[in-house]
Amino acid sequence: MANKENTKKSGSVMVVGGGIAGIQSSLDLAESGFKVYLLEESPAIGGTMAQLDKTFPTNDCAMCVISPKLVGAGRHLNIELITNAEVVGLSGEAGNFTVQVKKKPRYVDEDKCTGCGACTQNCPVVNVLQMAEEPDIQLSTESLLKVTPILDKYRGQKGNLMPILQQINQTFNYLPADVLTYISIELDVRLSDIYNIASFYNSFSLTPRGRHTIKICMGTTCYVKGGERLYNKVRDEFGIENGETSEDMRFTIESVACLGCCGLAPAIMVDDEVYGKVKVSNLMKILEKYK
Amino acid sequence: MINIPDIKAFKKLRNELTGGRDPNRRSVCVCGGSACIATGSLGLIELFKNEFKDHGIEDEIDILVTGCHGFCEKGPLVVIRPEGIFYPMVKKENVPDIVRETIIKGNAIESLLYTDPMTDEKIVYEHDVPFYKKQKRLVLGNNGLIDPMVIKDYISVGGYGAFANALDSMTPDKVIEMVIDSGLKGRGGGGFLTGLKWKLCKNAKGEIKNIVCNADEGDPGAYMDRSILEGNPHSVIEGMLIGGLAITASMGYIYVRTEYPLAIQRLKLAIEQAREFGLIGNNIFGTDYSFDIEIREGSGAFVCGEETSLMHSIEGLSPEPSQRPPFPTESGLWGNPTNINNVETWAVIPLIIGKGSKYFASIGTETSKGTKIFSLVGKINNSGLVEVPMGISLGEIINGIGGGIPDGKKFKAVQTGGPSGGCIPASLMDIPVDYEKLAEVGSIMGSGGMVVMDEDTCVVDIAKYFLTFTNDESCGKCTSCRDGSESMLNILTRISEGKGKPEDIDLLIELGEAITDASQCGLGQTLSNPVLSTIKYFREEYNAHILDKKCPAHVCKELVNYSIDSEKCIGCGVCLRNCSVGAITGNIKEAHFIDSDKCTKCGICREVCKFNAVLVE
Numbered sequence: 001m002a003n004k005e006n007t008k009k010s011g012s013v014m015v016v017g018g019g020i021a022g023i024q025s026s027l028d029l030a031e032s033g034f035k036v037y038l039l040e041e042s043p044a045i046g047g048t049m050a051q052l053d054k055t056f057p058t059n060d061c062a063m064c065v066i067s068p069k070l071v072g073a074g075r076h077l078n079i080e081l082i083t084n085a086e087v088v089g090l091s092g093e094a095g096n097f098t099v100q101v102k103k104k105p106r107y108v109d110e111d112k113c114t115g116c117g118a119c120t121q122n123c124p125v126v127n128v129l130q131m132a133e134e135p136d137i138q139l140s141t142e143s144l145l146k147v148t149p150i151l152d153k154y155r156g157q158k159g160n161l162m163p164i165l166q167q168i169n170q171t172f173n174y175l176p177a178d179v180l181t182y183i184s185i186e187l188d189v190r191l192s193d194i195y196n197i198a199s200f201y202n203s204f205s206l207t208p209r210g211r212h213t214i215k216i217c218m219g220t221t222c223y224v225k226g227g228e229r230l231y232n233k234v235r236d237e238f239g240i241e242n243g244e245t246s247e248d249m250r251f252t253i254e255s256v257a258c259l260g261c262c263g264l265a266p267a268i269m270v271d272d273e274v275y276g277k278v279k280v281s282n283l284m285k286i287l288e289k290y291k
Numbered sequence: 292m293i294n295i296p297d298i299k300a301f302k303k304l305r306n307e308l309t310g311g312r313d314p315n316r317r318s319v320c321v322c323g324g325s326a327c328i329a330t331g332s333l334g335l336i337e338l339f340k341n342e343f344k345d346h347g348i349e350d351e352i353d354i355l356v357t358g359c360h361g362f363c364e365k366g367p368l369v370v371i372r373p374e375g376i377f378y379p380m381v382k383k384e385n386v387p388d389i390v391r392e393t394i395i396k397g398n399a400i401e402s403l404l405y406t407d408p409m410t411d412e413k414i415v416y417e418h419d420v421p422f423y424k425k426q427k428r429l430v431l432g433n434n435g436l437i438d439p440m441v442i443k444d445y446i447s448v449g450g451y452g453a454f455a456n457a458l459d460s461m462t463p464d465k466v467i468e469m470v471i472d473s474g475l476k477g478r479g480g481g482g483f484l485t486g487l488k489w490k491l492c493k494n495a496k497g498e499i500k501n502i503v504c505n506a507d508e509g510d511p512g513a514y515m516d517r518s519i520l521e522g523n524p525h526s527v528i529e530g531m532l533i534g535g536l537a538i539t540a541s542m543g544y545i546y547v548r549t550e551y552p553l554a555i556q557r558l559k560l561a562i563e564q565a566r567e568f569g570l571i572g573n574n575i576f577g578t579d580y581s582f583d584i585e586i587r588e589g590s591g592a593f594v595c596g597e598e599t600s601l602m603h604s605i606e607g608l609s610p611e612p613s614q615r616p617p618f619p620t621e622s623g624l625w626g627n628p629t630n631i632n633n634v635e636t637w638a639v640i641p642l643i644i645g646k647g648s649k650y651f652a653s654i655g656t657e658t659s660k661g662t663k664i665f666s667l668v669g670k671i672n673n674s675g676l677v678e679v680p681m682g683i684s685l686g687e688i689i690n691g692i693g694g695g696i697p698d699g700k701k702f703k704a705v706q707t708g709g710p711s712g713g714c715i716p717a718s719l720m721d722i723p724v725d726y727e728k729l730a731e732v733g734s735i736m737g738s739g740g741m742v743v744m745d746e747d748t749c750v751v752d753i754a755k756y757f758l759t760f761t762n763d764e765s766c767g768k769c770t771s772c773r774d775g776s777e778s779m780l781n782i783l784t785r786i787s788e789g790k791g792k793p794e795d796i797d798l799l800i801e802l803g804e805a806i807t808d809a810s811q812c813g814l815g816q817t818l819s820n821p822v823l824s825t826i827k828y829f830r831e832e833y834n835a836h837i838l839d840k841k842c843p844a845h846v847c848k849e850l851v852n853y854s855i856d857s858e859k860c861i862g863c864g865v866c867l868r869n870c871s872v873g874a875i876t877g878n879i880k881e882a883h884f885i886d887s888d889k890c891t892k893c894g895i896c897r898e899v900c901k902f903n904a905v906l907v908e
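Chains as they are written, first to last, in this note's numbering: chain A, 1 to 291; chain B, 292 to 908.
Calculated lysine-lysine pairs in the DSS-like style (CA-CA distance at most 25 Å, straight line): (1) Lys-700/B x Lys-277/A; (2) Lys-383/B x Lys-277/A; (3) Lys-279/A x Lys-848/B; (4) Lys-383/B x Lys-285/A; (5) Lys-701/B x Lys-277/A; (6) Lys-277/A x Lys-382/B; (7) Lys-559/B x Lys-158/A; (8) Lys-559/B x Lys-153/A; (9) Lys-279/A x Lys-892/B; (10) Lys-859/B x Lys-279/A; (11) Lys-289/A x Lys-383/B; (12) Lys-701/B x Lys-279/A; (13) Lys-279/A x Lys-889/B; (14) Lys-493/B x Lys-158/A; (15) Lys-859/B x Lys-880/B; (16) Lys-427/B x Lys-413/B; (17) Lys-425/B x Lys-701/B; (18) Lys-901/B x Lys-277/A; (19) Lys-277/A x Lys-892/B; (20) Lys-383/B x Lys-279/A; (21) Lys-413/B x Lys-382/B.
Derived from the structure by calculation, the hints contain no laboratory data.
Okay, chain A solo, but in the shape it has when bound (with noise of 0.2 Å):
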């Protein structure tokens, strides 16, 4: 008998999340005629898309949107919200599933909230800063003489970020991380926002480089006169992939878009010194003055 209870189909449906996916879910079950809980652990419904400006690719508000689903979501009799919330627990099977939920507590009566607002304006902690630990860090003397005058040089120029990663690529050879971290705190520039850029260009490293760096062109006039074969000796001699560098930190392999020599395809160019019409028998003879 319990066996068959357990069986029976309930007829309603949980979605969890209440981001767009997840309201337009519960509207269109709600529509077919399940309940559905909309469970979301965040204190309101509404996600990411409800932070968005524009959305792709069509870039129509987001708002304008979200919002009559947000409404439709909120007062759908079928829809029962159960935000502020999360799943602890989940037993039972298809079409009849006990999920245990843990709600926290809200502090205020849901039941006669009316969303007015007035005690967000009025709550005297509410602009309290909440500020990020800063990390602390510490150089060491023979870091902080190389980046100390690069930092002193561009120090309050507009745009500065783009020639001190540059510069301190150029004479640390690649970009420490801890230097990084450093420049954040003295530029006050966010650490993401260094690591966006610093991982977007080709010619920064965030791992330490070989003592010489060799750039395959593979601009199309190299291609098409057979530069892939020259990239395709040097990683198997050395056994590294575009960007990696040699165990015994000889050498950096690099394929770069065009070096802008395509009358002497294929090319390559070695630290700054470049090669014209090299050949895959005779690039090692090239390389080995390069020790």
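Place chain B on chain A using the hints.
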């Protein structure tokens, strides 16, 4: 600092420098472009100087390290002026002969002269070489005459004259009017009317205005901007000075890609020299025009060639493109009206102001005016930079100037416009080259790259190559570009591996069109062009890959096999020694054999074999 109080004094200095130049003075011009340096041109200079000393003629002869002459394939280039005797591929041991025979006696040395690959004739003078003969070198012309590191050289061939005139007697509106009348269109790819852009920027609201020179020449296969910056940096500075005057901007930025160290070095020097002459700075020549130029280096990101990305990069932000409008002319660098043009466009400006807009407009076609520099590269005899009037036919460029395809191979297609462009097949060689015609056949002018392909080039492989490039360089902001390029690349890879399905071609077309519609910047909007244009003109080659599992050009590794022709092989053993996987076996003086299980199809055996005994099928 050289004291030049006003424009009059500057004009006087110009006249002195121009007059002081003896057109008949003997000089040796050695090309100092990147390509010629790579083949050892700088080593020749010392040798020439020593030879002059030995013969006691060092005072009678100038030796110039000039900018790029354009004929990069044949470097190092040496030209003896005033006659213009032309020696390509000069080696160190040739120098004493050149000095003794040509410079002292005035005779050309037959064995060192250039041989025309079409007719096998020896050619003495630079202006008779077919590569140069059919060009119209307005922008590049001075490259071979002056030392780019000496500002006086530039002034002595008329440099900064246009700027002095504009500063002296033209209003900003007059300058803009001249640029509009000339019909100049942006040389960077978009093809927007330059004068109109200037006007928009000048009339935009804002106290501070900026101009930017886009020298982030990222298109693989194009290097004219590099050549101009290395060979004649002052022409770009002069163009920007005129632009600043017209737009009433006081600050100019030059954004150069980091892959061009020599260009950055020469540009820095040129700016320093211009500052010394009072051409850059506050109150130039006592007028109230102040202008300064700053160099910003890129760090290797293709998308930074897109104008909004480039400005974000200068500002130190993440270089993702942003939605236009607002256009940079309204709200650009730090929210101020900003006018962006590329290097070649700026270098044309002094010419228009100096020689007049009518002169410029008289060259070219109805809709595309003036000359355009192309980098003619790939499977072609005379590769290098060519400057031709707009409207010249593609065939004329490839056969007339380029000297046709080497090794008697068949011409297949030419790829123009880089990763945003398309492939134009041999059957369309008669079309005139201008912005509209190229767009009509599914390609673009772009920045002027022309990569020539012969029968050994596989179009599926080329399409795959460009997609790999754009997929790698996509900044990732738009889903359509980021994921769409990935999907197209997967399909192309599948086809090149012989696993393609018949419906793949239509799928590629559908995907390509969707990506074009849904992407924000030029990179995404155009990335499918190489695929769509190759499908349009070479559909049977795609079919061969998909249906017959064959690569007609023998390029796609999974679809070819290497073997040795036992009749041609003499058993020299060169291939055996060079094979890095040990796939070749055979005894000396007996025909060798390739073990296809071990062979990685790297092609090195074919490259080293002197007897054409390695076959690819």
